[in-house]
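There are 8 protein chains.
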Amino acid sequence: MRKPAQRFKDLDFAKVEPRRYTRQGFPEAIYCPGKTIDQIVPIFESLLKGGAPVIATRATADVSEVLLDHFKEATHHPIARLVTANSIAKKSGRPVLVICAGTADLPVAEEAAVTLETLGRRVTRLFDVGVSGIHRLMAHEPLLRRAAVAVVCAGMEGALPSVVGGLAACPVIAVPTSVGYGTSFQGVTALLGMLNSCAANVSAVNIDNGFGAGVIASLISKE
Amino acid sequence: MRKPAQRFKDLDFAKVEPRRYTRQGFPEAIYCPGKTIDQIVPIFESLLKGGAPVIATRATADVSEVLLDHFKEATHHPIARLVTANSIAKKSGRPVLVICAGTADLPVAEEAAVTLETLGRRVTRLFDVGVSGIHRLMAHEPLLRRAAVAVVCAGMEGALPSVVGGLAACPVIAVPTSVGYGTSFQGVTALLGMLNSCAANVSAVNIDNGFGAGVIASLISKE
Amino acid sequence: MRKPAQRFKDLDFAKVEPRRYTRQGFPEAIYCPGKTIDQIVPIFESLLKGGAPVIATRATADVSEVLLDHFKEATHHPIARLVTANSIAKKSGRPVLVICAGTADLPVAEEAAVTLETLGRRVTRLFDVGVSGIHRLMAHEPLLRRAAVAVVCAGMEGALPSVVGGLAACPVIAVPTSVGYGTSFQGVTALLGMLNSCAANVSAVNIDNGFGAGVIASLISKE
Amino acid sequence: MRKPAQRFKDLDFAKVEPRRYTRQGFPEAIYCPGKTIDQIVPIFESLLKGGAPVIATRATADVSEVLLDHFKEATHHPIARLVTANSIAKKSGRPVLVICAGTADLPVAEEAAVTLETLGRRVTRLFDVGVSGIHRLMAHEPLLRRAAVAVVCAGMEGALPSVVGGLAACPVIAVPTSVGYGTSFQGVTALLGMLNSCAANVSAVNIDNGFGAGVIASLISKE
Amino acid sequence: MRKPAQRFKDLDFAKVEPRRYTRQGFPEAIYCPGKTIDQIVPIFESLLKGGAPVIATRATADVSEVLLDHFKEATHHPIARLVTANSIAKKSGRPVLVICAGTADLPVAEEAAVTLETLGRRVTRLFDVGVSGIHRLMAHEPLLRRAAVAVVCAGMEGALPSVVGGLAACPVIAVPTSVGYGTSFQGVTALLGMLNSCAANVSAVNIDNGFGAGVIASLISKE
Amino acid sequence: MRKPAQRFKDLDFAKVEPRRYTRQGFPEAIYCPGKTIDQIVPIFESLLKGGAPVIATRATADVSEVLLDHFKEATHHPIARLVTANSIAKKSGRPVLVICAGTADLPVAEEAAVTLETLGRRVTRLFDVGVSGIHRLMAHEPLLRRAAVAVVCAGMEGALPSVVGGLAACPVIAVPTSVGYGTSFQGVTALLGMLNSCAANVSAVNIDNGFGAGVIASLISKE
Amino acid sequence: MRKPAQRFKDLDFAKVEPRRYTRQGFPEAIYCPGKTIDQIVPIFESLLKGGAPVIATRATADVSEVLLDHFKEATHHPIARLVTANSIAKKSGRPVLVICAGTADLPVAEEAAVTLETLGRRVTRLFDVGVSGIHRLMAHEPLLRRAAVAVVCAGMEGALPSVVGGLAACPVIAVPTSVGYGTSFQGVTALLGMLNSCAANVSAVNIDNGFGAGVIASLISKE
Amino acid sequence: MRKPAQRFKDLDFAKVEPRRYTRQGFPEAIYCPGKTIDQIVPIFESLLKGGAPVIATRATADVSEVLLDHFKEATHHPIARLVTANSIAKKSGRPVLVICAGTADLPVAEEAAVTLETLGRRVTRLFDVGVSGIHRLMAHEPLLRRAAVAVVCAGMEGALPSVVGGLAACPVIAVPTSVGYGTSFQGVTALLGMLNSCAANVSAVNIDNGFGAGVIASLISKE
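Protein chains in written order, with the working numbering: chain A, 7 to 229; chain B, 7 to 229; chain C, 7 to 229; chain D, 7 to 229; chain E, 7 to 229; chain F, 7 to 229; chain G, 7 to 229; chain H, 7 to 229.
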């Protein structure tokens with residue numbers, strides 16, 4: 007048995023694992039909500055020293071400012087609400103498509119896209135192609151056919167992954183977004199639509215979880 | 007004030023209104039579940055004598071047999087699970103389209119279609135054109151553009167009404183069906199998808215309510 | 007295949023379709039929440055140039071002010087929370103009734119009414135006629151009988167569309183509102199009531215979706 | 007402290023309280039489901055000996071047969087699914103109205119009505135007066151105004167108690183029934199409608215709980 | 007048919023019925039949330055002129071101040087969040103008990119108690135007697151036995167009405183409150199507990215609906 | 007690292023751990039539903055040979071018969087629906103109380119009680135003491151005060167654990183049962199009531215999980 | 007535009023697409039429930055003639071027997087409840103792991119495994135390694151590290167995919183199963199656990215959807 | 007019968023029981039939300055005079071400040087959001103383990119830990135050992151084996167109590183936390199996972215109820 011002490015660094019309020027990227031091919035994210043800035047900074051620092059990509063998610067303007075002040079290596083991606091560091095500069099892997107249904111889904115789609123880029127993937131973005139104007143999507147059918155994996159973000163009825171899944175020859179990672187009102191139930195309706203997709207190549211992640219979708223797409227597109 | 011006595015016939019266990027068709031343009035349905043055959047037969051008879059179309063819904067094989075035995079004017083529609091009488095022979099109205107996503111949605115789609123035909127409408131059927139094979143639907147785009155109203159039945163993620171709604175220039179009556187498993191929740195997921203449609207011309211009825219959709223489409227398509 | 011380029015205008019963060027009104031008889035709405043003002047203005051401009059009616063929904067005071075500053079053609083409807091332009095001046099179509107159950111339902115009812123007027127329809131309003139004082143509604147029964155379509159907005163138990171549906175000889179578009187407290191569940195209870203209406207001519211749209219109800223009523227009332 | 011032994015009889019598997027009728031004005035019901043016939047019979051016997059009214063609810067045909075075999079005093083009410091004994095022969099109290107919306111609600115309405123009669127009340131029944139044909143109810147408005155209490159049973163959207171509540175000058179006990187399909191959710195939708203009634207004089211009991219409604223109405227109508 | 011004009015006063019945005027107290031024995035409440043102060047004042051005025059008790063519920067500090075400025079007859083009840091006028095000075099009726107489980111349930115219990123007093127009833131209050139210290143309630147058992155009706159307010163698990171219902175010889179109006187956290191679901195858990203009470207004399211109203219409970223108790227306690 | 011091979015026995019379709027009793031103080035249960043009799047028998051055999059107590063739960067009559075045929079050491083407990091073997095003969099531990107609210111809760115209460123006895127504990131049973139007749143429970147208050155742990159089973163509103171929790175000086179393991187109808191939601195309402203108990207010493211297990219409650223009570227009562 | 011006629015075969019009640027395997031790398035499944043045997047046979051035949059793998063899911067004993075009678079190429083997999091044909095004989099692709107938590111999850115795990123094998127993949131099975139005996143899983147850690155993709159099936163609390171996801175360097179396709187009772191809500195709890203996994207490489211499919219998981223794993227493992 | 011007056015002190019708005027600690031072994035908590043500071047202070051004072059431990063939970067900064075100003079004996083625990091007094095100085099009891107899954111779960115874990123310490127127990131803390139890095143937990147397996155009781159706090163999928171439950175030889179009190187987003191549903195998902203634990207020694211309390219878990223653990227660990 008490997009010594010556990012080699013596996014993680016104990017910060018008292020957190021047990022950080024800088025080597026997870028080496029072990030699993032992706033880093034643990036720093037999910038900022040619910041953590042104080044006094045907790046986020048040392049966790050970021052621990053991971054940064056490990057040399058692997060660092061990704062802080064749902065970073066507010068305040069958190070981002072502090073991280074950029076502390077760490078010159080840090081980059082802020084405001085639409086994606088991410089602060090990243092140690093991005094993999096050399097891009098590799100098979101083609102990844104990140105799609106979203108409407109303008110309001112951009113933050114989630116960008117979270118997935120920037121996560122993929124930070125992990126060294128090349129991303130093609132295809133935004134605002136929701137099913138109420140299906141011709142906008144059909145115009146890009148060749149793109150769908152070439153992808154190794156597609157991340158598809160949609161709120162409201164969440165129908166876009168099903169249509170993409172019926173056209174693409176690759177796994178579709180569906181990301182429900184909390185976009186909508188009334189019976190959209192903050193993304194639950196979109197999620198349910200995706201889980202019941204009549205296209206067999208669709209799996210789903212939690213509502214607004216662009217980071218997770220990016221990680222999975224990165225693993226799938228690895229050559 | 008009209009005398010209420012003229013409005014309905016009191017059968018003790020039921021107050022039947024044979025003149026609703028004249029008053030509202032559609033008859034009250036005899037929803038069979040929860041009624042005994044001893045209740046269904048006199049209700050059917052009361053309405054039959056009124057001369058307007060009669061529609062008994064969710065009629066089991068047993069109920070249908072009894073009704074056909076009692077009433078020579080009755081017709082059984084086994085897929086639609088309807089027993090009808092006094093069908094309007096002369097068809098009129100603007101073109102109505104009844105669409106369904108999958109083979110298992112047929113009973114609900116047929117309930118809508120036969121209701122429409124009983125009320126004197128002409129119906130075009132377009133079945134098994136679900137969104138996982140979007141080309142099956144796109145092949146019929148001209149049909150969608152000509153319709154005065156479309157009834158669209160779908161289970162699972164219920165995405166078809168959104169796609170139809172984005173292509174058609176008419177109201178879309180969406181009928182969620184209880185087809186699916188797991189998180190389809192017996193049609194709730196399909197219903198939620200339809201209520202959150204990004205196409206603005208979609209309204210929804212209760213799960214598996216082909217009769218109601220047929221009534222509404224009949225009223226809309228009336229010239 | 008028509009060239010997709012003719013169908014929509016690509017603004018990068020949005021793919022706008024100014025010709026949807028010509029193609030479908032109603033425009034795409036600009037649903038403001040979740041969009042930045044820097045996204046709303048160019049979308050509004052793209053649609054305005056198309057010449058068809060433009061409708062921005064759920065426009066806050068801030069958004070409305072900016073739109074009115076940018077576009078002299080824009081009109082603000084504060085109760086309805088709409089900013090519109092290119093309204094169809096010449097009214098046509100069969101009579102449309104917009105009804106609401108209580109004073110607090112006015113914003114949703116007005117969203118439907120103004121949408122209808124912007125699309126060139128004549129609207130009769132009948133407000134605060136909820137079922138706990140049924141005589142207020144019965145006093146207007148003749149109005150119900152003449153309508154070609156009725157939009158009925160109600161929160162709490164959402165019973166009004168059922169009563170209207172039993173009196174009117176036309177389709178009823180039921181709009182649940184988020185008015186109520188406790189187990190009204192922000193409109194879910196009203197919606198469920200409407201979907202289970204014992205009147206067969208009732209269909210429903212999403213909670214507070216006055217715009218959608220207006221679009222559907224406009225399509226139905228088209229001569 | 008009163009001796010507990012005076013309060014209840016210990017049957018080992020049950021602690022029966024024959025004197026609850028004296029103490030509270032209503033007996034404890036024997037709710038049959040989940041009890042074996044070997045448990046039901048001695049409980050019935052214990053209560054019967056107490057001399058107060060005995061009411062076994064949801065009695066299946068099998069259970070009813072056994073009870074009638076054992077106890078010559080027992081009466082079976084098949085529609086109400088009740089077996090009763092020691093019914094109060096001398097009727098008293100203020101006028102009670104039992105109303106139901108549709109034919110399928112009869113079993114629940116009868117459970118309430120027979121409970122009331124067993125407890126010595128006079129009941130007026132008004133059945134199948136649902137809101138989709140509001141004139142059927144309005145024709146009986148004087149009856150509503152005279153009642154001391156009304157029990158109103160309805161499934162589907164459960165709107166009838168609201169309308170009755172707006173017309174009657176007495177408390178309305180609303181009983182949601184499990185009648186309906188799809189999003190009626192076995193009576194949950196009707197219950198939610200009743201709890202959100204815009205009429206302030208409406209309270210609700212559990213789905214299909216005709217017995218409870220009868221008990222409460224009996225207590226209210228006591229002179 | 008009575009002329010509808012006699013029944014209600016049309017304020018355009020509201021149709022007010024000042025004579026509902028005469029007709030039904032209780033006034034319509036002015037539920038303040040969702041109404042502007044410019045709507046509340048004329049409604050209050052209309053009802054005030056009618057001479058019957060006036061009750062505005064969920065009145066914020068701001069709304070209360072404006073009403074007290076406008077109407078010298080108005081009284082503010084801050085814990086109950088009510089503004090009332092035309093209170094029935096001469097008290098009558100059978101004894102009414104208003105009970106609550108915990109200190110945080112006071113606003114709802116007071117809403118019921120003040121409503122009862124405004125409608126001319128005498129009220130006994132019994133507060134903070136929740137079931138985790140059952141002796142606090144048992145100490146008042148004689149009070150429970152004498153009541154003609156009991157209003158019981160409780161949040162969290164909502165068990166108090168069941169215990170009271172098992173001790174009292176009168177109807178129990180259970181009022182779930184939104185007190186609690188986590189799986190209390192803002193009062194839904196308390197409501198469900200009350201609807202499933204093993205005591206047959208318990209009915210329930212909407213969460214936090216002290217006004218409705220007061221109205222019903224007033225009708226029941228009327229001599 | 008201990009060799010995993012020592013930890014469990016691989017039956018291909020199952021990996022059985024006969025030494026869990028030694029390791030954790032309780033055996034793994036054989037939950038019968040979803041397992042074929044051809045899977046249950048070898049699992050039972052593997053555990054039996056280990057020498058520790060064996061408990062098969064939710065055993066149907068068929069399964070029980072087969073197990074009794076195969077294993078002469080097996081005992082069937084029909085009310086508890088358990089088949090046990092290797093019961094700990096020598097009883098030890100602090101006093102355990104198993105309580106249930108109604109007659110229909112017996113199967114769950116017995117599952118807990120027999121589990122405890124199989125694990126070598128002494129159990130006092132107190133059945134049918136639900137809160138609608140609180141004196142039945144109060145009569146046994148001394149028993150509550152002496153217990154080291156109480157298992158309390160209740161369906162419907164699930165209020166009994168709160169009342170017991172307010173009287174006892176020990177942990178209360180609350181077991182919601184699926185007893186009830188309508189909004190009891192097969193035990194969910196009882197569970198919610200227990201989780202929101204105003205008594206701080208109450209924790210809950212899954213609906214009808216008498217086995218788990220028995221295991222926990224056994225661990226707590228261990229001397 | 008490609009001719010739609012080339013895309014699908016119209017059987018009237020179904021529009022079958024035999025070339026989907028060529029187009030997308032996986033065939034459309036024949037989901038048997040809700041289809042009559044008279045519909046299943048011709049659909050199976052159409053797909054069989056296409057030469058690509060055919061997979062009929064949730065095939066009952068009756069359906070299986072008929073299919074085996076009709077088609078000599080068909081194979082029945084009773085645990086997986088599949089009937090397959092045209093299986094890809096030559097296996098290829100990166101290593102796939104199919105894991106399940108308990109014995110009762112076998113049918114779902116086998117549905118995934120047989121789907122993968124039919125599509126030409128090599129599968130390693132690892133069954134009954136649920137988290138309550140974590141050493142059973144840890145004993146196979148090297149297997150987890152080598153996989154290109156893991157399908158993980160679990161019911162109850164659905165925790166296994168999180169643990170596997172924290173150990174494996176590949177995407178994890180989580181399949182919630184309907185195994186459990188009470189608040190397992192037929193697999194909803196397991197699904198929710200999987201969607202909220204603290205391991206970022208986990209995505210989920212619908213409850214019991216072993217087929218979909220197999221398709222996705224097949225696409226990911228394609229070399 | 008003991009005199010009730012000896013049992014509690016009536017503050018009018020509250021009936022306080024200072025002797026509950028003596029009677030039950032734990033004090034009643036002062037749950038601050040929903041109480042005014044004018045109510046909290048005298049309740050605190052009443053309990054303080056009783057001499058037993060006093061614990062005010064969910065105390066905001068404002069409430070804490072007032073309490074510390076009023077009572078020199080009071081101590082503020084900011085992370086735990088508790089104000090305590092009369093802490094039991096002499097520690098006793100068997101070893102208690104308080105575990106949490108992530109950094110954001112600290113407030114709930116500390117609420118449990120400080121409650122235990124105030125009641126005179128010794129606590130070992132083990133934080134941030136969630137299942138996505140299972141080695142962090144396995145490294146502390148000996149600690150798990152020695153505990154008399156473990157309190158395990160986790161949000162998101164709530165899997166940690168199952169894993170701990172499979173390793174520990176003691177009862178596990180699972181505390182779901184509201185940590186997470188989307189379908190974590192503010193802790194409901196974590197709670198459901200815990201209730202469906204495949205480890206039989208796990209029971210659960212309400213979401214974020216660290217106080218209750220501390221009380222139960224204190225009772226269990228009492229020697």
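There could be a bad hint or two in this list.
To be verified - Straight line, CA to CA, 30 Å or less: simulated DSSO-like cross-link-like pairs of lysine-lysine:
#  : chain 1 : residue 1 : chain 2 : residue 2
1  : G       : K96       : G       : K228
2  : E       : K41       : E       : K55
3  : D       : K41       : B       : K41
4  : A       : K228      : G       : K97
5  : B       : K228      : C       : K97
6  : F       : K228      : H       : K41
7  : B       : K41       : G       : K41
8  : E       : K41       : H       : K41
9  : E       : K228      : D       : K97
10 : G       : K41       : F       : K41
11 : C       : K96       : B       : K97
12 : B       : K228      : C       : K228
13 : D       : K228      : E       : K96
14 : A       : K228      : G       : K96
15 : G       : K228      : A       : K96
16 : F       : K97       : H       : K228
17 : B       : K97       : B       : K228
18 : H       : K228      : F       : K96
19 : G       : K41       : A       : K97
20 : B       : K15       : B       : K96
21 : A       : K96       : A       : K15
22 : C       : K41       : B       : K96
23 : C       : K41       : E       : K96
24 : D       : K228      : E       : K41
25 : D       : K96       : E       : K96
Hints are computed from structural coordinates only; laboratory data are not their basis.
Structure-based check of each hint:
| no. | hint | in the structure |
| --- | --- | --- |
| 1 | G:K96 with G:K228 | 13 Å, holds |
| 2 | E:K41 with E:K55 | 20 Å, holds |
| 3 | D:K41 with B:K41 | 28 Å, holds |
| 4 | A:K228 with G:K97 | 21 Å, holds |
| 5 | B:K228 with C:K97 | 21 Å, holds |
| 6 | F:K228 with H:K41 | 40 Å, violated |
| 7 | B:K41 with G:K41 | 28 Å, holds |
| 8 | E:K41 with H:K41 | 28 Å, holds |
| 9 | E:K228 with D:K97 | 21 Å, holds |
| 10 | G:K41 with F:K41 | 28 Å, holds |
| 11 | C:K96 with B:K97 | 33 Å, violated |
| 12 | B:K228 with C:K228 | 12 Å, holds |
| 13 | D:K228 with E:K96 | 24 Å, holds |
| 14 | A:K228 with G:K96 | 24 Å, holds |
| 15 | G:K228 with A:K96 | 24 Å, holds |
| 16 | F:K97 with H:K228 | 21 Å, holds |
| 17 | B:K97 with B:K228 | 11 Å, holds |
| 18 | H:K228 with F:K96 | 24 Å, holds |
| 19 | G:K41 with A:K97 | 48 Å, violated |
| 20 | B:K15 with B:K96 | 28 Å, holds |
| 21 | A:K96 with A:K15 | 28 Å, holds |
| 22 | C:K41 with B:K96 | 52 Å, violated |
| 23 | C:K41 with E:K96 | 59 Å, violated |
| 24 | D:K228 with E:K41 | 40 Å, violated |
| 25 | D:K96 with E:K96 | 36 Å, violated |
Checked against the numbered hints above, the structure violates hints 6, 11, 19, 22, 23, 24 and 25; every other hint is satisfied.
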